[in-house]
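J.: Letter by letter, the chains look like this.
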Amino acid sequence: MTHALLEARDLRFRYPRQDRDIRIPNFTLSAGEAILVYGRSGSGKSTLLHLVSGLVNDYRGSLSFENKELRELSPTAMDQLRFEAYGNIYQSFNLLPYLNVLENVTLPAELRGQDLRERAGELIRHMGLEGFEKRRVSELSIGQQQRVAAVRALLMKPRLLLADEPTSSLDIHNKKLFMDLLFGMCRSEGTALLFVSHDPELQELFDKRVELTSSEGGIA
Amino acid sequence: MRPIILRLAWKSLGNRRLSSLIAMLSMTLSTALVLGVYRLGRGVQSSFSSTLSGTDLIVGARGGSLELLLYSVFHLGQATNNVRMSSYDYFTKHPAVEWTIPLSMGDSYRGHRVVATNQGFFDHYRFHGDQALAFAEGQSFGGTLELVAGAEAARDQRLRLGQQIALSHGLGDERVSGSALIHRDKRFVVTGILERTGTPIDKSLYISLEGMEAIHAGWSEGRPPQISGSDSLNMSELPSEALAPTQITSFLVGAKSRVAVLHLQREIALYEGEALTAVIPGLALSELWQKLSYFEEALGVILLVVLALAFMGILLSLFASLSERRREIALLRTVGARPHQILLLLMSESLLLTVQGTFCGVGLAALSQFALAPWISREFGVSLAPGLLSGTELSIALAVIIVSPWIGLFPAWRAYKQSLAYDLLQRQ
Numbered sequence: 001m002t003h004a005l006l007e008a009r010d011l012r013f014r015y016p017r018q019d020r021d022i023r024i025p026n027f028t029l030s031a032g033e034a035i036l037v038y039g040r041s042g043s044g045k046s047t048l049l050h051l052v053s054g055l056v057n058d059y060r061g062s063l064s065f066e067n068k069e070l071r072e073l074s075p076t077a078m079d080q081l082r083f084e085a086y087g088n089i090y091q092s093f094n095l096l097p098y099l100n101v102l103e104n105v106t107l108p109a110e111l112r113g114q115d116l117r118e119r120a121g122e123l124i125r126h127m128g129l130e131g132f133e134k135r136r137v138s139e140l141s142i143g144q145q146q147r148v149a150a151v152r153a154l155l156m157k158p159r160l161l162l163a164d165e166p167t168s169s170l171d172i173h174n175k176k177l178f179m180d181l182l183f184g185m186c187r188s189e190g191t192a193l194l195f196v197s198h199d200p201e202l203q204e205l206f207d208k209r210v211e212l213t214s215s216e217g218g219i220a
Numbered sequence: 001m002r003p004i005i006l007r008l009a010w011k012s013l014g015n016r017r018l019s020s021l022i023a024m025l026s027m028t029l030s031t032a033l034v035l036g037v038y039r040l041g042r043g044v045q046s047s048f049s050s051t052l053s054g055t056d057l058i059v060g061a062r063g064g065s066l067e068l069l070l071y072s073v074f075h076l077g078q079a080t081n082n083v084r085m086s087s088y089d090y091f092t093k094h095p096a097v098e099w100t101i102p103l104s105m106g107d108s109y110r111g112h113r114v115v116a117t118n119q120g121f122f123d124h125y126r127f128h129g130d131q132a133l134a135f136a137e138g139q140s141f142g143g144t145l146e147l148v149a150g151a152e153a154a155r156d157q158r159l160r161l162g163q164q165i166a167l168s169h170g171l172g173d174e175r176v177s178g179s180a181l182i183h184r185d186k187r188f189v190v191t192g193i194l195e196r197t198g199t200p201i202d203k204s205l206y207i208s209l210e211g212m213e214a215i216h217a218g219w220s221e222g223r224p225p226q227i228s229g230s231d232s233l234n235m236s237e238l239p240s241e242a243l244a245p246t247q248i249t250s251f252l253v254g255a256k257s258r259v260a261v262l263h264l265q266r267e268i269a270l271y272e273g274e275a276l277t278a279v280i281p282g283l284a285l286s287e288l289w290q291k292l293s294y295f296e297e298a299l300g301v302i303l304l305v306v307l308a309l310a311f312m313g314i315l316l317s318l319f320a321s322l323s324e325r326r327r328e329i330a331l332l333r334t335v336g337a338r339p340h341q342i343l344l345l346l347m348s349e350s351l352l353l354t355v356q357g358t359f360c361g362v363g364l365a366a367l368s369q370f371a372l373a374p375w376i377s378r379e380f381g382v383s384l385a386p387g388l389l390s391g392t393e394l395s396i397a398l399a400v401i402i403v404s405p406w407i408g409l410f411p412a413w414r415a416y417k418q419s420l421a422y423d424l425l426q427r428q
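Here the protein sequences line up with chains A and B, keeping their order.
Residue numbers for the first sequence follow this note's numbering, beginning at 1 and rising by one.
Residue numbers for the second sequence follow this note's numbering, beginning at 1 and rising by one.
One chain only, chain B, in its complex shape:
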């Protein structure tokens, strides 16, 4: 392309500052949006994959690995079978095991899951790389009827330290299903509220395994005990063995060595005490993400639509300018511009608008990320990849720039056809 065409395109765009600026702004916003959505999507995937980190195995009753992952990590769905405490104890004492975290679920508070666990949960649970759980307020549960709230659960239910709450039996929201199965006889006191993690941890409440046993003391086949005369059951009346859990839902395992994980997994699968399943969280999370491929597809469609709208903006801007530029183009033809040069002129304008828009869009995306990343991380637990452009993002930007001249082809063709009419001479 001769420089004169690029120069003309540049100056002609400058002469139509407002419409050029609007078209460029549309491309800037679209590019920033595309890069932002893409980066956010990658961030969500990355955060999803690192919902649980540092844990080598998740162990539950024999069943599907995805179900095990869902109820143990995402607190979704229910286990069909429990794990005997003896099995948990066996593997806790296994020489290849560094630590374990027991998880027992089944109750809830106003739609928030209640997870029974032990101090190991606060000591060993890691997410988003090597981040440990931290307390925004208060401390871990010490007594049987003490409770720690996840950040979101605390915010949603306006929980505060020292507040007493009654948990519901089962997973339904008692405000919807009625109050028949509320553990009113044993109220828990909030002793701690966790910092936000951006993981399912935030949505749940945490009690001790003994607390879980305490509220179910006297229950038979899922029915509450008949208590007469009082709405409250005295803890001191419960024998200490009544608080010792006999089964849990699942448990997390940290191995002493990564090399031992596969051996341990096989050993758990072959465990004779009961039928167990052990899954490697990373693999299971990847498998789950694959199953959620519609998310990626939806993201792709959104990105394409946004880009199509941006190109439509440029197309409309060029088309709109055509009518006011008929004489300009005719004049160019009369001073010797050949039809292909008119074609190249409009394609160059499209290219220039896109290149500027894309560069500004990259800058805007970087600035927005710089400004919003801490808030996104704090509020949603999604960490955005640092840096200006990743390889894929650069490819997206280049693809946009490569496509842009061809967008200018349609108005260029129209201008070319019009310019043949030499309407400059035919005006009278």
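Next comes chain A alone, as it looks inside the complex:
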């Protein structure tokens, strides 16, 4: 039996100064698993990412990472958890435009004083970006940029990868390529994936799916 990496139980969140709340269906996410959180705009997909990231902690119910209740972690401990256990890919502005591919990828390691250029090279190869290492990211296509963002997110061997609609600006071909490569990488690295998207086409790729509605959601 695999231990749950991330677990949500009776999780609810009420938006401050708004007469609206979201109810997150119960779910667990284990190492190497991939879960899709989907729903319409405003259904609370990004709010769930904020809750998991510890940016918002006045929720009700339970949300734990490696059996630690996130609400109970101090800001410093949450900071530490974010940097050591999480990787992030966003919809846009994932990369620093003035750095080249290799510099963007190795940035998390360099900020910690580590030299992970060899690992970065391997990941870049796996993501089909060999030969682009010295190119400025602003010269790359959106699809290539998202792949660079995925490599950077996985560089520090995170246990959980949070992806916030990373395919929303990609065409069909690039979307498929990106998802194939991302899944391949996460599986080979044993990284759990919490993937937020409003794209129903992606559902079949995931082990689990969580649908959010504005007032409550259900698990598929």
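Keep in mind that the hints were calculated from the coordinates and are not lab data.
A few of these clues could be false.
As the list claims (entries may be wrong) - Label pairs and their calculated CB-CB ranges:
{"id": "1", "chain 1": "A", "residue 1": "Glu-204", "chain 2": "B", "residue 2": "Pro-339", "range": "37 to 43 Å"}
{"id": "2", "chain 1": "A", "residue 1": "Pro-75", "chain 2": "B", "residue 2": "Ala-320", "range": "25 to 31 Å"}
{"id": "3", "chain 1": "B", "residue 1": "Ile-22", "chain 2": "A", "residue 2": "Asn-67", "range": "31 to 37 Å"}
{"id": "4", "chain 1": "B", "residue 1": "Trp-10", "chain 2": "A", "residue 2": "Ser-169", "range": "27 to 33 Å"}
{"id": "5", "chain 1": "A", "residue 1": "Asn-67", "chain 2": "B", "residue 2": "Asn-15", "range": "39 to 45 Å"}
{"id": "6", "chain 1": "B", "residue 1": "Ile-401", "chain 2": "A", "residue 2": "Pro-16", "range": "43 to 49 Å"}
Each residue gets a CB set at the ideal place from its N, CA and C atoms; glycine is no exception.
Once you've looked at the hints, dock chain B against the given chain A.
T.: Leaving out everything else, chain B in the frame of chain A:
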């Protein structure tokens, strides 16, 4: 500081080329201005101190040393008493004295002082080190009613060789005070115009002691003689003894030996013929400069204001970039940059801008000096110290560089506070 922070700072500045360039340019101009103003200030002080050089003593009637310096060298103010010609002759023949230059003042031409002296003035007067007076046009006065003009006086009054002018009695500008006391009966002819010296010499006109006596012949108690029938007085009617000066305002002394100067000074102070004061020009000039300390203070304030404006430019540039960099900083935080690293990043940017600006400023100051020094020297008589940076200038540049990271601290603190909000994730 880890190199990654400096590298990020460098590349981030490069990514915002225009605003970085403007901030750096502001620092470049400010540094150049600060160094230029400082060097100019030192140059002015140096030129001031060397307004008169090679002269060992200035001698005048008993009184304050500063007043003596002011009216003898700067042609400012008036002597309360004169020096008898016999005293001047006594010290001219003194065995310790190499040369003397008599100075007699009291008249003017359109606001420019008229100084009566002798050929010794053109032979022995030195300024700015060992520079001698030189003629731009013409030659020294030979006759009684001949005149040499300083460069600025000649330019201001458009004097030319051969021109005849009438001097005014007293120091007022006759165009303001009226024409009652103009020596119209004895007009002087311009025989020479001096090269520019950048000293008070330029502003005055020079005549012989005999010329000074000639225009005052017949005067009684400061009143002109009553001349009937003619506006002109015939020089040939004046007896030669009438042109022999009986007193002068002050005189400059060149000693045969520097060692003898203090002895000579004491001897002059104890001279029994009349009460005299002798001052050493260098000391008196330094004393005067000390009294003009407000100049230094004003210079210091100007330099501080210029530097403050430069730092304000950098501060504004960093603050202005903050809003457009919120996501960049948030991204750095999400990939693992710690708050202190964000702090260091912005401080490094401030440091890099300042270091580049300061270096370029030093270069610009040196280039400007190279280009402008001859003109400044020619027009204002201010010699700028050669060389890239003096010890004090280097200290100023280093102080600017040391202060700069702390200027970046304010926007850095703001960025740090903002980055805690992780607005990258909170954008939706």
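J.: Measuring from beta carbon to beta carbon, are B/Ile-401 and A/Pro-16 in 43 to 49 Å?
T.: holds (47 Å)
J.: Is the hinted range of 39 to 45 Å satisfied by the C-beta distance from A/Asn-67 to B/Asn-15?
T.: holds (43 Å)
J.: Please test the hint of 27 to 33 Å on the beta carbon pair from B/Trp-10 and A/Ser-169.
T.: holds (30 Å)
J.: Is 31 to 37 Å a correct range for the gap between the Cβ atoms of B/Ile-22 and A/Asn-67?
T.: Since B/Ile-22 and A/Asn-67 have Cβ atoms about 54 Å apart, the given range 31 to 37 Å is violated.
J.: Can you let me know if the beta-carbon spacing of A/Glu-204 and B/Pro-339 is within 37 to 43 Å?
T.: Since A/Glu-204 and B/Pro-339 have Cβ atoms about 42 Å apart, the given range 37 to 43 Å holds.
J.: Could you tell me whether the CB distance from A/Pro-75 to B/Ala-320 stays inside 25 to 31 Å?
T.: Cβ of A/Pro-75 to Cβ of B/Ala-320: about 30 Å, so the range 25 to 31 Å holds.
Against the hints set out earlier in the document, a violation occurs for number 3 only.
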